[in-house]
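Asker: In case you want the letters, here they are:
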Amino acid sequence: MLAALAPVLAFARPAIDWHALAPEIILTATICIVLLVDVSTSERNRWATSSIAGIGMLAALIPILTLAVKGGPRIMFGGAYVVDDFALVLKALFLVAGYVTLLLSTNEIAEGDFWEGEYYLLVLSSVFGMTVMASARDLITIFIALEMLSIPAYLLAGWRKREVKGNEAGMKYYLMGVFATAVMLYGMSLIYGGTNSTVLAEIGRQIHGSFGKEPVAALGIVFVLVGFAFKVSAVPFHNWAPDTYEGAPIPITAFLSVASKAAGFVAILQLVFLAFLGRGDVIRPLMWILAALTMTVGNLIALRQTNIVRLFAYSSVAQAGFMLAPLAVVGSSASTTREVLQAVVGYLLIYTVVNLGAFAVIIAVGRKTKSGEISSFGGLFEYAPGLAVAMGAFLFALAGIPPLVGWFAKFQVFKALVSQGGASGITMAVVVGVNSVIALYYYANIARTMFMDAPPDGDRTPIRVPVPLLAAMGMAAAATLVVGFIPGVVAHLAEHATFALGG
Amino acid sequence: MSAFLREYLTVAIFTGVAFGLLAGVLSVGKLIRPVRPQAEKYFNYESGVDAVGTGWVQSPIRYYVFALLFVMFDVEAVFIFPWATQLEIYGWFGAVEMGIFIVLLALGLLYAWRKGVLRWT
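From first to last, the protein sequence lines stand for chains A and B.
Numbered according to the numbering used here, the first sequence terminates at residue 822, and the numbering increases by one at each position without gaps.
Numbered according to the numbering used here, the second sequence terminates at residue 156, and the numbering increases by one at each position without gaps.
Same shape as in the complex, but just chain B:
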């Protein structure tokens, strides 16, 4: 076998293992699990509530926006905490950099506020 084919054999083997593992795990599960069909088991699970309607429904976007804002400030905290513990070492340079970072994030909050997404009703 040529050297070139051997290189791509690695890729092929890797792909084969990926598919094989998936097929193996699924088929082992199928072989050893007991099968006792009940009507309830075939419902779509939705937080314990019976699902109604189709999947193509409109849902309030507000939760999503709040979650996004939460993530935004979470990420901010992730950067601010380590910076705060090293405040003196980073000195003015660090303070200015962090200031720029916070201002840029605050612009996002300003945008959200001005567009009225912070109002719940």
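Extracted from the complex, chain A is given alone in its bound form:
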């Protein structure tokens, strides 16, 4: 009995790479500090939590830069936690998106009837979960990261707690999230049952080998991917998104439609590229159907929206479709697979920045008009030309018009799809093309309202934009313009965001 236990009892201290874990450690420390400040100050001084959270996120970016300079993948815990270039690029994206969310929130949360300290605590916790997700290369770590980022998000979605719509937002998001988690865990259990391993690299080896030929492998892969399709709100698993986005506070809507969605995509990329690639024949048709449905349904429903937040909810559903599209040709050849990864990562980076910028303008305008209707943007160009021009830039970037940055994202998607050369890639490219045109209609419609219509209430007093909001808008606008002319920056990042294989 004891002899059998001997290998268990022998304890080897795990090697911990402090440098590689520094971003997560800084975030954890910031979470603790924010909590302590929240419980030890009076309600009047809670604004400090916002600044501390922001400083913490920026501080966590420093080790990411030093890690990027040093280079080389760092593999920990038997391959379950890997800090490679892919992880670093995505961690930086999550931290920047989190920081911009804080900038968007500061005035909104301080002026409304909200709990402040807890709000920043939960945003930090969610961002922490995302940074873990970017490194998770093991089914259990992926699951923990997913819960770590989702549970605070469920609470934040229902933050307007005295409003029925806020309750509805939190409740729907929570129930659908739990349901998706159940489906995903079921798929994971099938895969673990077949491979006897939770590490993605080992699962990948076995799916290339004999386990991949078993029918249960297809079943497990489909269930896991469907679970994450909920997370990225792909049609037909998108029903929660519009109501949740409408009911949540608008900074949280921005956060959910950008960071939370990106985290879902990160998980999909890790699973598809590291574990499931051996069964590309199962993944490709699933992704083809999901992407085509997501783009088309999202865009068609967005056409009919009159509320700007709901329109952005459906447009973010459609954008998820554009990001899923390259996965429809994944694994057909080595070079295509590489281009698919570049296209999805590049699209994620660009979409995140542009969408956050658009939400910054929506918040700034909403502070004056107190309305979410698209018609309330009428005449914006007359009394707030800066905001109108910035919003126009973000809208056309989302639609993919050069020279704004969005064209490059779409271009890479097309490139990946066409490089495969087969019928599925070409047809997918056609679907993407048609949908880009549909999307242009509703994006341009908002621009028309801003530039040509008169203000609906005749109120032409200029809008005062608070400094944090202005900073968020400025950063997003600068990135939208500059990167549009030099797309090499994003291409460079996306090209380098490759996985460290093995481990």
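In short, the hints are calculated from the structure, not lab data.
Please note that a few of the clues may not be correct.
[To be verified] Taking beta-carbon pairs under 7 Å as the criterion, some of the chain B residues facing chain A (in silico): (1) Glu42; (2) Thr45; (3) Val46; (4) Phe49; (5) Trp127; (6) Phe128; (7) Leu142; (8) Tyr146; (9) Arg149.
Think of the CB as a built atom: it goes at the ideal place given N, C-alpha and C, for glycine as much as any other residue.
Dock chain B against chain A, hints included.
Answerer: Here is chain B on its own, set in the frame of chain A:
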């Protein structure tokens, strides 16, 4: 049938079996159970107490908070017991790790205490 369709046939069969099993069990139950309707059987069951009012009521949140705190320390115990039996083997490394774990959980308790949720009245 192509190889591709056969793969997805697995998923379809699996879905079919899941629905079939549910429908089968429910319909077997319907076929073999006796039906003797009584008014009492159609009440909502609530711990043997007659239900009053609608489902949309406010209930004291205190029980929930205490249950959460209980779960928190339950989980802590789940990790501490196995660690305690192997205390010497894990040595200082284990002690520090467990210290960090307990401090993080204690922060949650501190939060609950400062926000006044530990007071019953």
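Asker: Next step is simple, just say for each hint if it's right about the structure.
Answerer: Checked hints:
1. Glu42: At 5 Å from the nearest chain A Cβ, B/Glu42 passes the 7 Å test, so the hint holds.
2. Thr45: holds (4 Å)
3. Val46: holds (5 Å)
4. Phe49: holds (6 Å)
5. Trp127: violated (10 Å)
6. Phe128: holds (5 Å)
7. Leu142: B/Leu142 check passes; min Cβ-Cβ to chain A is 6 Å, inside 7 Å.
8. Tyr146: holds (6 Å)
9. Arg149: holds (4 Å)
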